[in-house]
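Student: The lines below spell out each chain.
6 protein chains.
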Amino acid sequence: MIARANNLDVLAIAAHRDDIEQTCGGTLLKMAQRGYCTGILDLTQGEMGTRGTADERAREAAEAAKILRVSWRQALDIPDGRVENTWENRLKIARVIRERRPRVVILPYWEGRHPDHYTTSKLGYEACFVAGLAKLDVEQALSNQHSAFSGERSAFSSQHSAFSQDKTVDVSATIGANVSTGASAAVSTGVDGTVEGHGFSRADRTPEVAALAAGGLPAHRPFKIIYATLYYDIRPTFVVDITDQFETRFQSLVAYKSQFSDQEAGKDLFPAQADIHARTEAMARFYGMMGGVTYAEPFLQKEVGLVEDLLQIPVKSI
Amino acid sequence: MIARANNLDVLAIAAHRDDIEQTCGGTLLKMAQRGYCTGILDLTQGEMGTRGTADERAREAAEAAKILRVSWRQALDIPDGRVENTWENRLKIARVIRERRPRVVILPYWEGRHPDHYTTSKLGYEACFVAGLAKLDVEQALSNQHSAFSGERSAFSSQHSAFSQDKTVDVSATIGANVSTGASAAVSTGVDGTVEGHGFSRADRTPEVAALAAGGLPAHRPFKIIYATLYYDIRPTFVVDITDQFETRFQSLVAYKSQFSDQEAGKDLFPAQADIHARTEAMARFYGMMGGVTYAEPFLQKEVGLVEDLLQIPVKSI
Amino acid sequence: MIARANNLDVLAIAAHRDDIEQTCGGTLLKMAQRGYCTGILDLTQGEMGTRGTADERAREAAEAAKILRVSWRQALDIPDGRVENTWENRLKIARVIRERRPRVVILPYWEGRHPDHYTTSKLGYEACFVAGLAKLDVEQALSNQHSAFSGERSAFSSQHSAFSQDKTVDVSATIGANVSTGASAAVSTGVDGTVEGHGFSRADRTPEVAALAAGGLPAHRPFKIIYATLYYDIRPTFVVDITDQFETRFQSLVAYKSQFSDQEAGKDLFPAQADIHARTEAMARFYGMMGGVTYAEPFLQKEVGLVEDLLQIPVKSI
Amino acid sequence: MIARANNLDVLAIAAHRDDIEQTCGGTLLKMAQRGYCTGILDLTQGEMGTRGTADERAREAAEAAKILRVSWRQALDIPDGRVENTWENRLKIARVIRERRPRVVILPYWEGRHPDHYTTSKLGYEACFVAGLAKLDVEQALSNQHSAFSGERSAFSSQHSAFSQDKTVDVSATIGANVSTGASAAVSTGVDGTVEGHGFSRADRTPEVAALAAGGLPAHRPFKIIYATLYYDIRPTFVVDITDQFETRFQSLVAYKSQFSDQEAGKDLFPAQADIHARTEAMARFYGMMGGVTYAEPFLQKEVGLVEDLLQIPVKSI
Amino acid sequence: MIARANNLDVLAIAAHRDDIEQTCGGTLLKMAQRGYCTGILDLTQGEMGTRGTADERAREAAEAAKILRVSWRQALDIPDGRVENTWENRLKIARVIRERRPRVVILPYWEGRHPDHYTTSKLGYEACFVAGLAKLDVEQALSNQHSAFSGERSAFSSQHSAFSQDKTVDVSATIGANVSTGASAAVSTGVDGTVEGHGFSRADRTPEVAALAAGGLPAHRPFKIIYATLYYDIRPTFVVDITDQFETRFQSLVAYKSQFSDQEAGKDLFPAQADIHARTEAMARFYGMMGGVTYAEPFLQKEVGLVEDLLQIPVKSI
Amino acid sequence: MIARANNLDVLAIAAHRDDIEQTCGGTLLKMAQRGYCTGILDLTQGEMGTRGTADERAREAAEAAKILRVSWRQALDIPDGRVENTWENRLKIARVIRERRPRVVILPYWEGRHPDHYTTSKLGYEACFVAGLAKLDVEQALSNQHSAFSGERSAFSSQHSAFSQDKTVDVSATIGANVSTGASAAVSTGVDGTVEGHGFSRADRTPEVAALAAGGLPAHRPFKIIYATLYYDIRPTFVVDITDQFETRFQSLVAYKSQFSDQEAGKDLFPAQADIHARTEAMARFYGMMGGVTYAEPFLQKEVGLVEDLLQIPVKSI
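Residue numbers (this note's numbering), protein chains in the order written: chain A, 1 to 318; chain B, 1 to 318; chain C, 1 to 318; chain D, 1 to 318; chain E, 1 to 318; chain F, 1 to 318.
Just to be clear, a hint being listed does not mean it is correct.
Pairs involving identical chains hold if they fit within one copy or between any two copies, as the list cannot separate such chains.
In silico BS3-like pairs for lysine-lysine, Cα to Cα no more than 25 Å straight-line [as the list claims (entries may be wrong)]:
id : residue 1 : residue 2
1  : K66       : K257
2  : K316      : K122
3  : K302      : K122
4  : K316      : K135
5  : K135      : K257
6  : K316      : K302
No lab work stands behind these hints, which were simulated from the structure alone. This one's a predicted model, so the numbers in the text were calculated from it and none came from an experiment.
Build the full structure now, drawing on both the sequences and the hints.
Tutor: Next comes the structure, spelled out in structure tokens:
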């Protein structure tokens, strides 16, 4: 049984280290400042990057996590540049979801330039689904995958041997008692009879009640899945005001010194730090203007909203 | 100067008496139950209706307003079946907006079967705009219109002579001290520097500060304009849970006895009351299922949302 | 009372003479060949055309009508190049709809290059609506308009004096006993309780039962309004196979000799007849390929379809 | 050679037992009542369901099939919760399509909440395509798959051993001589030269003529593929009136007693039967109102329609 | 006859002084720098603005025009806050188009917050159409309007008397010999047989050949109409690189000292100049990033593009 | 190191031999006539075709290549009817892209009737991405794939043994010195700091600088990826005028004698050559009319355009 103290309120999933910092780092920081436990799951370890090694990037990711006050961060061993929506990858992510039991999952948007990004969107969604299948023993299913595909994996791993194990960044010690507070406890994740889409008879409706007999992790499905859209030019459903978090978010980005410092090597290829700041600010301000604030990050949800009080709807119409 | 006590928190504008009852009556009632002052502006008086006279419909509208706990209701003299987006009609509505100073205006959606409905949407929006033009004296502009068009109006009014004056339904006595409470007072309508769309230099940005020199009503622009979409099959931006208001809303609809009672005359043409209840319920339940509640009414807003707390976003994703 | 013999089954409304010939002439001919009574209402008389006079065009339109076996054709006096969605224009069209009582009305699509085309779409739709208002006396309303606007009209008519009267083309004698047959009689236009959109309480629901007291034409609303989309690049809802009508339709087009014959004047400006044939054929074949036939004309309807038998749905899927 | 008596007119394919009952059961029953042979292919056997065993669900599915007068029903052995668009799964479905040779295939819509649903849509479409490849021996291709993947399958099957064989429900005896009648015989599935999309040179155009040399099943491609959209909020292309079938369809749903009866176990998790009826009715009525009937089921087709007679187009426009 | 020296290559039309400076001023300056003659037509004179008088704004507009190297600028007398798509307004703009004969017209996008903006879009488009009607004498038609509406205008003008005449800003002396050069002469505006949309028989196809008999201005229709979309959040068709023009464009904006200087009056209401620079830059950078440049302005065209050389298409795909 | 002489300016990728001839053959010919080096990569060898053998089709493809003046053509060994977006297939295509280093890649559109077509679109896009990963050794990765999947492949290849090797068509001798000229040399493929989408920190940004240590092909990513849309009814971004290439393109299509000649076998199934010509012409003319030319081929790009000179934008607006 996973102790409540390990649970996350918000889990952001992305393909590469530094994706979260670019698309929703301000929002994660804001949620941490409100007392929520936040986490980041990077699917790959960045071994395809031109600059820096995977080890360097791991250290930088830990540093960025501290800056964003993230409680938990892990990198899976999915190959960089080859994120695929396979059963095995779904199981790997589902295991994390069952361990961390987030109420909100942030995924990248499902269209974009980089295949790893848009594939992560669909892969992450289906992993959330799989994580909620009460009768599925994720550990055993993963174990079956490993034996079945040992032939392929041994061959492929000759290129990826350095990344054969998931890397978890322990940031809890560093950032102190940032465990989930009453703020999140007050928000029940109950699945009490709400209709899920229009279908109402699928047995997977009730994932959380059934603990597996054989000691596996109990099923869990996040209440809310939202999509960070900053990498893609689509109108968001909502934005989050990060005016107070903007500069700290930028610091989390430049914590990736191997990528963003004004170093000699490759200086013709990477934009200088000043330029990155200008671009980052332009994007944040653009979405801020949409919501009537200075800086914001954009998100999309598939569901309609539910409004209790017309007088409380923000953003001026006219 | 208009006393604050006359101000409305929410004003719903529609073409015909009984439109509000069908599309957003539950939401109006819910807002009244939260302590807000609500109002209804019907643009026409129903003189084209097959059943009932305009006088009968006026009485029924007053009864429906009481049922929905609406503080204020008025019918303009725009011809039924001929709602047009003219300068004069915009001025007539703008005068009401300046008198009642609502923070939220509800309009019909801008597509649909009935021209009066979709024209009301555009007309109402532009009236909200005109109401905020600080240098415009609405009274004088209306007066200019009347003299200029006296030729046309006298000709046209031969058919519409019965409707030459706006009809205001005084429901305030009936429903008691339902004046705007602290709930609404706590919500400032300030226009403090928010960007309005992308343009930021139009002087009409600051409508509320300037009282007109010559004693006219001060300019006012609602903070929020939302569109009731129930008449049209479009995916709403959000729904409002009216599970607790549904049956009362239905009573407000059948208060239009001239239209909905199971009378002899025209009984082959009008659906029986039981059938109306079934259809009304199906619609409310359909939109309720979208939002994870039993009954709901659908709305659309043009703006993006602004979310402060990811953990508080309602409606289950998966 | 209008005799049934004058009723039309299908009425196509367009801005200019020769619009119908280009967009849905094949379909009109096909319907005539099935035994239906068809008609054309041209809103303008073509006085802005570079080639030919309005009188020439009137003769050509009559010739084209004969070729398409159209029972009835009329041109209103709306100014060419200035079709506007005014109350007066709606009344003029509504009068025709009440006189001819078509079950199906064909309008142009509501977007396009030519303002007269897209305005006709909206104007025609609202005229269909107005025609069904049982309490509206169209004749008297038109009379009111004329006296009210006499100032404007007399001024404007100095330019349009040649077109002060509607021109009706009597083609009935020519094409013989092409009156509406049992084919159309079998199709009831009843409005028995069907829901109109989502609104169900508007009294205009029952236009056809109420004859006006004062001798006016009884209200009528067409059962079906469809949009001919050939002028605009939008995916149609359905196409009509005109393989057998294609060449005759082309003959109806070149009946406009003042426009399409290979004359000397303006020969650098007008495509030669061979070129017109090639273009016409390309369009017809393009839409034909969509529907699995050789030549077709495209249409759009706003409503969803209603299918009785899955085995009878045409057009191969894969 | 497959005897005609085994052929189906309509085959509905879905991921889970009871999906068809929820989305298009009324339409299947209606087609059976018109004399057509209908069938259901469930891709999975429901082993991930919280309530009930796969065996129970098999019995319930047979009972539901009888209620809907379905002639043939089968469940494949694709794992519940893991429907994937693989070559092997396409072959499995293609084999069924070649055996049953349906003219119409119903698939779920390609977006939705449940990955099994939307994956079934794409998988089913591509299976229809594969089934029409004349030179492909589906049996041999499946056999190749089995030997190639034996490693994986043996590993995976440790969890799915109970479902190693497809389960066919023999409902033909129960429902009597419900073989395909002249009604379907009258509808030719010919592929005589129709253009398939815009491409016209692919040799797979002519699937049905070539019987395989080596005794395999002859190629077959359904004429029509339509998508049941009830699980997803999208505007349908057409609806099917199921007013007369609605209550029987509901009975087919509650035939899944393990899922829908008001049992003690899990009673907090499953909506009571009365609630299910209310929701089912709301959906059916909502789509019914779209088509001007009481109850309907919604469908989408990718192709444009093809209309022969404008006077016969159903659904009132205005 | 209008001398060629007065012709414009590009004419930007907007509702208010300073709209052009915000949405497409950089592009206009860039075109002037390439040697083209550019012009601005402001439909209103800004009498509704909170700050500044119409006279002040006229001087500021002239100053801004100089900064942008615009050859010609004029303000019509359409009332601020009441731009309407009337025949008279179309004629007023059409007269300008015939006088200046631009090859390219820039209009605002047809959706937005401000009714004057989106109405200008439609009004401007239809004015371009009217300007090309060879048989229309715009002067006479305007004269007819004036006499017909004298009643209305005299009444309305009591409020607008200060603006009874169009204001033309003579900037030609200031900016020297910025007449149209060979650059524009090389671009023929010929209408040689191109198909206009799908319709090919309208006589208005050939506007430019026919000079009016009675000395009126010859018809003219711009070759290209594009829409400046910066006020609205829609994906543009293309952007124009204004990296080298950005700061000068900003200077043209702050030339409106009555609006944008950091004055005492209204300082709580107007964003400070530094803030305006930040917002302006964010927008320009956002659209610049879309096109792979630093700063850009966004535009939309309705037509498809026509590409001669695949190797010359700009903007990196991946 | 690959010599520049082998480089292609444009590479068109399609699933089947004769796809290119149908969708973009005229454009390829036009580019060759401008002096560019063009190439075709067919992913399959057509073994599923009803008519003709793969060897016949190979000869025909070479003949068609000559007619279109294509410098290079190759067919991969991906199974016909089973194009899948696998890592292995991406690697196979990426190898070609690294060898031929095209600036422009043409892919099919991502929706359509034939799964091979739409899958090729996504597969080709992701292959372009993979080809640009500097740290990826494509040869070694392919080698790993082959050993890992040898079990599957040996099983599957029993059916596909005839196609175990890629078939390259040497057309360079035939068409002479059609090597890339200065025209293409003038177009740099530099990736100098342009922003790629909104993300700006991915190390894969700089693919071209890093040559692999171990002698593999250096990374390459095309500058531009465009989609040929002729197989699908979607509005193109732009069209290419092929009026001068149309008839030659048709000759390249009928070079596939096994498919398109008027042979006895299958004559009821294949459209006669005259019919193919008519359909081909209708499509080309339809898209030609969109762009104001006689014949054209349609394309779509995901990026916005970048315009330097408003006066040079083609295609008349009105």
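Student: The structure should be examined with respect to each hint, and the outcome stated for every one.
Tutor: Evaluation of the provided hints:
no.: 1; hint: K66 / K257; in the structure: within (15 Å within a copy, 47 Å between copies)
no.: 2; hint: K316 / K122; in the structure: between (34 Å within a copy, 18 Å between copies)
no.: 3; hint: K302 / K122; in the structure: both (13 Å within a copy, 20 Å between copies)
no.: 4; hint: K316 / K135; in the structure: between (48 Å within a copy, 21 Å between copies)
no.: 5; hint: K135 / K257; in the structure: between (45 Å within a copy, 20 Å between copies)
no.: 6; hint: K316 / K302; in the structure: both (23 Å within a copy, 10 Å between copies)
Going down the numbered hints, you'll see the structure goes against none, and every one checks out.
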